[in-house]
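Please model the complete structure; the sequences and the hints are all you need to start from.
What follows is the residue order along each chain.
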Amino acid sequence: MFKWLDPYAKPETLYRICGLWFPWLMTLAVLTLLLGTVWGLGFTPADYQQGDSYRIIHIHVPAAIWSMGAYSSMAIAAFIALVWQIKVAQWAVGAIAPIGAVYTLIALLTGMAWGKPMWGTWWVWDARLTSELILLFLYLGVIALSGAFADRQMGAKASALLAVVGVVNLPIIHFSVEWWNTLHQGATITKFAKPSIDPSMLWPLLLSILGFALLLAALTCLRLRTAILLNEQHRPWVRALAQQSDQKGNVPQTNAGRTV
Amino acid sequence: MPEFYFESLSAFWQMGGYALFVWLSFGSTYGLLFGLWWYSQRSQNRILQDLAKKQSREQRVRAQQQQEEEANESKT
Amino acid sequence: MVMFKAAFVREWRLLARQKADWLNPLMFFVIVLTLFPLGIGAKPNLLAEIAPGIIWIAALLSVLLGAERLFKEDFRQGTLEQLVAADEPLFAYVLAKITSSWCSTALPLLFISPLIALLLGLNAAAWQAIVLSLLLGTPLLNLLAALGAALTLSADKGGILLALLILPLYIPLLIFASAAVDNATLGLDYSAQLAVLAAMLCLAAALVPLAVLKALRLNVG
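Chains as they are written, first to last, in numbering that gives the first Met the number 0: chain W, 0 to 259; chain P, 0 to 75; chain A, 0 to 220.
Take the hints with a grain of salt, since some may be wrong.
[What the hints assert, rightly or not] Here are the computed lysine-lysine pairs in the DSS-like style, where the Cα-Cα straight-line distance is at most 27 Å:
hint, chain 1, residue 1, chain 2, residue 2
1, P, Lys-53, W, Lys-9
2, A, Lys-71, A, Lys-18
3, A, Lys-18, A, Lys-4
4, W, Lys-86, W, Lys-9
5, P, Lys-53, W, Lys-86
6, W, Lys-9, A, Lys-213
7, A, Lys-213, A, Lys-4
8, P, Lys-52, W, Lys-9
9, W, Lys-86, A, Lys-156
10, A, Lys-156, A, Lys-213
11, A, Lys-71, A, Lys-213
12, A, Lys-4, A, Lys-71
13, W, Lys-86, A, Lys-213
14, A, Lys-156, A, Lys-18
15, A, Lys-71, A, Lys-156
Hints are computed from structural coordinates only; laboratory data are not their basis.
Pasting the structure below:
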């Protein structure tokens, strides 16, 4: 059934594919993000209730959506790694986790910055914010576990297992926090969470959501390439690659930025 | 085509009184994203260089050993 | 089943020999509980209000305290390696480990729960809720702690990492268990919370041992 996927599981092929895709994905991501931000910041009317502070939605919502999206894709990769013993999927777990953690942190920070003018405090134990905070803990656990072993492969396997355990727990945690929240305080504060949004505000939001997704894909490609090289460093194809880059790149390493 | 919402650029920077919160969140977001990209790109750039360095060192060591062996053989 | 019994008896012998393994978490539990009134203030109303949360956080930490050593000794001696190589009895071994660790860390908590209820000024109904929630909740604590211990078995800094991995997973349990006790102190019905706890326990009992098995194989193999 998975015959057609097989060649992609070969590290060398995947390395090439990621290298091909990364510049396109990155350029597209930067363009959509810039467009979404500029549009959302300057070219949409202010909200009649929240004024201009609602503009934070253009980064808060995409970051929150894709912090969970990154966790699910990480868990899918981990599941594949555990069931079919595909090494590349194992490395993908370690590649995605830091991106997801940064997205979660962004969602938390922007949520706080939005909460201050709307609710009057930087932090409210609102169900969504709390589950986002716990999501951050789960990410940090995966990252910490993958770095805790002397044997890199073992760390990758253990963190894959933890990611799968975490994704089983995530809905339970989410619903229990939601239930706890309704128990402790009224639902007044969540009214802004599901706004019936005007189309003029919706388009830039959708653009930013797309931009965050593209950025997630691009950064995953980039980080996966590094992970592949690190894990395959004794293979002939990596050795040949390193030699090539040595001959080509004996120029001092000043433009470390844009070279792909 | 949507029009520029604010009357002036300074009004844009003030964000209707919410400047601190809006610019704080946008700034920290792009700062974090840029930092992540920069870090990932740097480690990707470094790893090939490191591997190349390691290989050339291995080669030098091997050449050195070969020379010593040859020297020993010519002595005996 | 035979294997389970053999492994279980072995665990009990070890526990009988090393009394600190189960006495220390118990003492830790009691000491943490006495620290809270000293830190927050001993007004009876306040105590009764915060008691459910305190009891559950203390229970959680005391289970976590003993968790690191769960597989450590067997791992160091090579017993675990033999079991993994033999393959067949590993599952029974894991089950015996989890049950015996529950008996050694959580059962004593149940026995001293009347004392706890007295210390924190809770009434009989609340004590009953504590017992029931501990009965349903602590096996879950032990299951997850075993998972954490198995995952971090051969890691460099196992102890603190274990807490980092497992504490977020305890959150649903903490919420529902302390809510059950909370409701009981207010004289409300708390069977719903207990049902949720039971459901979580069933789910964990079915899935966690498998994950523990996988993690052990990974760390040893």
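Hint check:
Our distance criterion of 27 Å between C-alpha atoms is met by P/Lys-53 and W/Lys-9, whose separation comes to about 25 Å. The straight-line distance between the Cα atoms of A/Lys-71 and A/Lys-18 is roughly 17 Å, inside the 27 Å bound, and the hint therefore holds. Of the pairs offered as hints, the one joining A/Lys-18 and A/Lys-4 holds, with about 21 Å between alpha carbons and a cut-off of 27 Å not exceeded. This hinted pair checks out: W/Lys-86 and W/Lys-9 have alpha carbons roughly 9 Å apart, not beyond 27 Å.
Between P/Lys-53 and W/Lys-86 the CA atoms are separated by roughly 24 Å; this keeps the pair inside 27 Å, and the hint holds. Our distance criterion of 27 Å between C-alpha atoms is met by W/Lys-9 and A/Lys-213, whose separation comes to about 25 Å. In summary, the hint linking A/Lys-213 to A/Lys-4 is supported, as the alpha carbons are separated by about 22 Å, within the 27 Å threshold. For the proposed pair P/Lys-52 and W/Lys-9, the alpha carbon gap of about 26 Å is at most 27 Å, so the pair holds.
Note on W/Lys-86 and A/Lys-156: the hinted pairing holds, with a Cα-Cα distance of about 25 Å set against a maximum of 27 Å. Restraint check: the Cα-Cα separation between A/Lys-156 and A/Lys-213 comes to about 20 Å, which is no more than 27 Å; the hinted pair holds. Between the alpha carbons of A/Lys-71 and A/Lys-213 the distance comes to roughly 16 Å, so the proposed pair stays at or under 27 Å and holds. A threshold of 27 Å between alpha carbons decides the hint, and for A/Lys-4 with A/Lys-71 the separation of about 21 Å falls inside it, so the pair holds.
Distance restraint check for W/Lys-86 and A/Lys-213: the Cα-Cα separation of roughly 16 Å lies within the 27 Å cut-off, and the hinted pair is therefore satisfied. Under the criterion of a C-alpha separation no larger than 27 Å, the hint pairing A/Lys-156 with A/Lys-18 is consistent with the structure, at around 25 Å. A hinted pair counts as satisfied when its Cα atoms are at most 27 Å apart, and A/Lys-71 with A/Lys-156 qualifies at roughly 12 Å.
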